[in-house]
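Novice: Chain residues, written in single-letter form:
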Amino acid sequence: MIEIKYFGAVAEKTNCEFEKISFSEVSLQKLLQDLNEKYKLESLTFSVAVNQKIVSKTADFTLQTTDVVALLPPFAGG
Amino acid sequence: MKESSKYNRQIILPEIGEEGQYKLSKAKVLVVGAGGLGAAIMPYLAGAGVGEIGIVDDDVIEISNLHRQVIYKSSAVGKSKAEEAKLMISELNPNIKVNAFPEKLSGKNALSLFEKYDIIVDATDNISIKYLINDACLIADKPMVYGSIFRFQGQVSVFNYQNGPTYRCLYPDENSNALNCEDAGVIGVSVGIIGMFQANEVIKIILGIGTVLSGKILVYNILNNEQQKYDFDKSYIEHINSAVFEEKYNKSEVEEINFKSILNEINSDKVLFLDVRNEDELPKISLKNQIQIPLKNLENEIEKLNKNQAVYVFCQSGIRSKIALELLQRHQFKDVKSIFGGVLAMKQLLKEEIKV
Chain E
1 MIEIKYFGAV AEKTNCEFEK ISFSEVSLQK LLQDLNEKYK LESLTFSVAV NQKIVSKTAD
61 FTLQTTDVVA LLPPFAGG
Chain U
1 MKESSKYNRQ IILPEIGEEG QYKLSKAKVL VVGAGGLGAA IMPYLAGAGV GEIGIVDDDV
61 IEISNLHRQV IYKSSAVGKS KAEEAKLMIS ELNPNIKVNA FPEKLSGKNA LSLFEKYDII
121 VDATDNISIK YLINDACLIA DKPMVYGSIF RFQGQVSVFN YQNGPTYRCL YPDENSNALN
181 CEDAGVIGVS VGIIGMFQAN EVIKIILGIG TVLSGKILVY NILNNEQQKY DFDKSYIEHI
241 NSAVFEEKYN KSEVEEINFK SILNEINSDK VLFLDVRNED ELPKISLKNQ IQIPLKNLEN
301 EIEKLNKNQA VYVFCQSGIR SKIALELLQR HQFKDVKSIF GGVLAMKQLL KEEIKV
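If you read the sequences in order, they're chains E and U. With the first letter of the first sequence counted as 1, position 24 gets the number 24 in full-length UniProt numbering; the numbers rise by one all the way through. With the first letter of the second sequence counted as 1, position 232 gets the number 232 in full-length UniProt numbering; the numbers rise by one all the way through.
Worth flagging that the hints you see were computed from the coordinates, not collected in a lab. One or more hints might be untrue.
Covered, in the sense of this in silico footprint (three residues per stretch, anywhere, with C-beta under 8 Å from a C-beta of chain U), are these stretches of chain E [stated by the list, open to error]:
(1) 35 to 49
(2) 57 to 66
(3) 70 to 77
Quick caveat, the model's predicted, so the values are computed rather than measured. For glycine and all other residues, C-beta sits at the position ideal for the given N, C-alpha and C.
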């Protein structure tokens, strides 16, 4: 199970702050593509963290089942 | 009142002492934005005895600000935020110097303002200003203490601290459309909490104590009190130097061009002439690569145009074409110019090709 955390405007689209998705092995790019299709995230800007570390969204990266992914959009309020 | 007794309760902290208090008294901090975050940050910096505080904000106080910008009195509605904030924190601590800049931060004033301060605090509510602050901090070599809010969540980080990662390393995509408080809604305590985290980072930087949030972003959710920290590295996606800064922020706002200077391009395949007049407007004009989209339809039909192609926009006299140019620039068109004087000026030069 890969845990995914959503923040800010991304969480408003996904309608949840986190979810667990079962995958045996999946690349980060494939996961992001699936999430994009599921939640229509194209209009949003966000950075992606894996295990509390921001990584490039295009990184060639295989996720392990214990990984925690986070989608972090910029905030603008002040 | 003696200075040392005023600050006694913090001076007796071993991490501060007389030496730390001296550092605070010598520090100069610029707060950009005197809204919800700024209203939380400024009194605590003033109270701690930060020697000089600058406040940049061109807004006036509105009644809908008071629930979260709690340093302002109801009677101050309509007055300048920068001036009112100065008044409030000067009363709180008359021993410090406070400078109000009731102006909008822009490419024109950012560098000269930043030069005079040690630390720049981003308390703004607008993404494009955050990039401007980031870029100006890079050039002026100042740390940027960042905070921002989305509803019940907040982010805090310190950029460009001792050559550390910047806002662009965290968010390289500048064309984002995050909502501000006005659009998304906000409650006073969330800006208060995040502003307090920012004030804390400022004081830590001045004193050289603790671990500064450099290369880390703190995300706080006030509804469930969950707090996460994410690490990020310095990346060199876009190098910002003075020339890039000038080009980005200080080029003339509307780019006009004389038709005469592009006469040799009227048969080129590389450029597109965009007529934003209505279809029934005369005189007609026909150039090789030409398209007509009336200004009122432009936004809806924008996909007919190629963002990467050079576009020369014209109308009857050169007024609507400037509006069209701004619209295209907002849609990330890179190379757009408005033809000065419109068709009336073009006609003078192109008499033989005009079909009236």
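Novice: Now look at each hint and say whether the structure bears it out.
Specialist: Status of the hints after comparison with the structure:
| no. | hint | verdict |
| --- | --- | --- |
| 1 | 35 to 49 | holds (count 5) |
| 2 | 57 to 66 | violated (count 0) |
| 3 | 70 to 77 | holds (count 7) |
When each numbered hint is compared with the structure, a violation occurs for hint 2 only.
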